[in-house]
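Number of protein chains: 4
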Amino acid sequence: MGNSLKNVQQAMKAFSAARDWDQFHDPKNLAEALSIEAGETLELFLWKTKEQIEKDLQNPEFKKELSDELADVLHYLVLLADKTGIDLEKASAEKLKEASRRYPVEKSRGNATKYTKLT
Amino acid sequence: MGNSLKNVQQAMKAFSAARDWDQFHDPKNLAEALSIEAGETLELFLWKTKEQIEKDLQNPEFKKELSDELADVLHYLVLLADKTGIDLEKASAEKLKEASRRYPVEKSRGNATKYTKLT
Amino acid sequence: MGNSLKNVQQAMKAFSAARDWDQFHDPKNLAEALSIEAGETLELFLWKTKEQIEKDLQNPEFKKELSDELADVLHYLVLLADKTGIDLEKASAEKLKEASRRYPVEKSRGNATKYTKLT
Amino acid sequence: MGNSLKNVQQAMKAFSAARDWDQFHDPKNLAEALSIEAGETLELFLWKTKEQIEKDLQNPEFKKELSDELADVLHYLVLLADKTGIDLEKASAEKLKEASRRYPVEKSRGNATKYTKLT
Chain A
2 MGNSLKNVQQ AMKAFSAARD WDQFHDPKNL AEALSIEAGE TLELFLWKTK EQIEKDLQNP
62 EFKKELSDEL ADVLHYLVLL ADKTGIDLEK ASAEKLKEAS RRYPVEKSRG NATKYTKLT
Chain B
2 MGNSLKNVQQ AMKAFSAARD WDQFHDPKNL AEALSIEAGE TLELFLWKTK EQIEKDLQNP
62 EFKKELSDEL ADVLHYLVLL ADKTGIDLEK ASAEKLKEAS RRYPVEKSRG NATKYTKLT
Chain C
2 MGNSLKNVQQ AMKAFSAARD WDQFHDPKNL AEALSIEAGE TLELFLWKTK EQIEKDLQNP
62 EFKKELSDEL ADVLHYLVLL ADKTGIDLEK ASAEKLKEAS RRYPVEKSRG NATKYTKLT
Chain D
2 MGNSLKNVQQ AMKAFSAARD WDQFHDPKNL AEALSIEAGE TLELFLWKTK EQIEKDLQNP
62 EFKKELSDEL ADVLHYLVLL ADKTGIDLEK ASAEKLKEAS RRYPVEKSRG NATKYTKLT
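Protein chains in written order, with the numbering used here: chain A, 2 to 120; chain B, 2 to 120; chain C, 2 to 120; chain D, 2 to 120.
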């Protein structure tokens, strides 16, 4: 219940404070960690076809590995947002509003061309 | 105000569905996008000292760029979780429980050594 | 015409020295830059099918973008190797020898399973 | 002797051909692998201060890990260049020429500001 992003953020801050890890968590280190964990997430799909990925997603062991990686990404994301004073919900709402303007439905339907390249 | 992670996820799914972008959003592509956006986040800190980063964080323009990048990471994270059937809140709670066991407070205080290397 | 890796390394060192950029090039920053450039390389393929990529590779503008990204990756790679005292040719030869042992031809033919998972 | 980049490329192609791994090595997969390996390289520096990194670089075990990661990056780089028909030496020379123009010595000395932001 309540706000899950803020709940995760509070849990991570408490976890980190208990271990005195705050000293390592400057924005640059956290951005490195975020990028590294996103790379580990990608590694779970490397060399695989869509069919193999569909099959792997039926495998509880693979699912657990993926779940752990996504949690790691989320954890560094909320810590980085906290350290830099960014409200993730607000950031998301603003970005989505801008994206709606940049990628008008009628021009972008079924088209992944980056908005800078849309005529 | 409700569950923010699920709210963001619903907003992203609606945004994507309106543009018929669902066809591009297989897990592998989304994991690529997640990793690319995390790299763009890291780029905002590249070559900078802690002092410069502190100063940049007082700059509204920099803050907006960072806010947008964190939103992008969040958006691909919730889309990837949705496509692979992973509940991010549950994933976070499980991972945090395991991390608490792997990094006992007394052994890891002030020490960033990876748990695999803790004696 | 001589050793191309060492030539590229020398050219990058001279370029950097002329701009007094050596001060920014500690190993951690260079590893960040390497990772960011690799992410930008990946972005050139994002959302695209094999067919679209084949087509893009016929497009001189796309080819130039890709060429520039690969050059960036190479440049940070040789600078990082230089700063950390690693001989890339030797590193490559050693790694390839180990990989040959870890992935015996008869067991790994047509199989991308990571060697740790090969029975 | 000879051209080390082309030598590494030939060695990797032979290694891959012997295992029939060519089928996995489309440009997108190789770009993913490149990005993942660059992330693993970065992980070797995560949470560490300059002083710790200096110390680690005296440690043969750390040095070997780093050497292996740099070799992995190099290997996927030469394979990706091969698959996309890009000559890395030429790409490097062109990029360096452009960078010399974009970052004139007198304006960029001691200044890491991205050229787009140089006045």
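Take these hints with a grain of salt, some might be off.
Identical copies carry no separate label here, and so any pair may be met within one copy or between two of them.
[Stated by the list, open to error] Below, computed lysine-lysine pairings styled on DSS-like, alpha-carbon distance capped at 27 Å:
1. 51 - 98
2. 51 - 14
3. 91 - 7
4. 118 - 7
5. 7 - 98
6. 7 - 65
7. 96 - 84
8. 64 - 91
9. 84 - 98
10. 108 - 96
11. 56 - 108
12. 118 - 64
13. 14 - 56
14. 49 - 98
15. 91 - 65
16. 65 - 51
17. 14 - 65
Derived by calculation from the structure, the hints in this document are not laboratory data.
Which hint numbers doesn't this structure obey? As far as the earlier hints go, 1 and 4 are violated by this structure, in ascending order.
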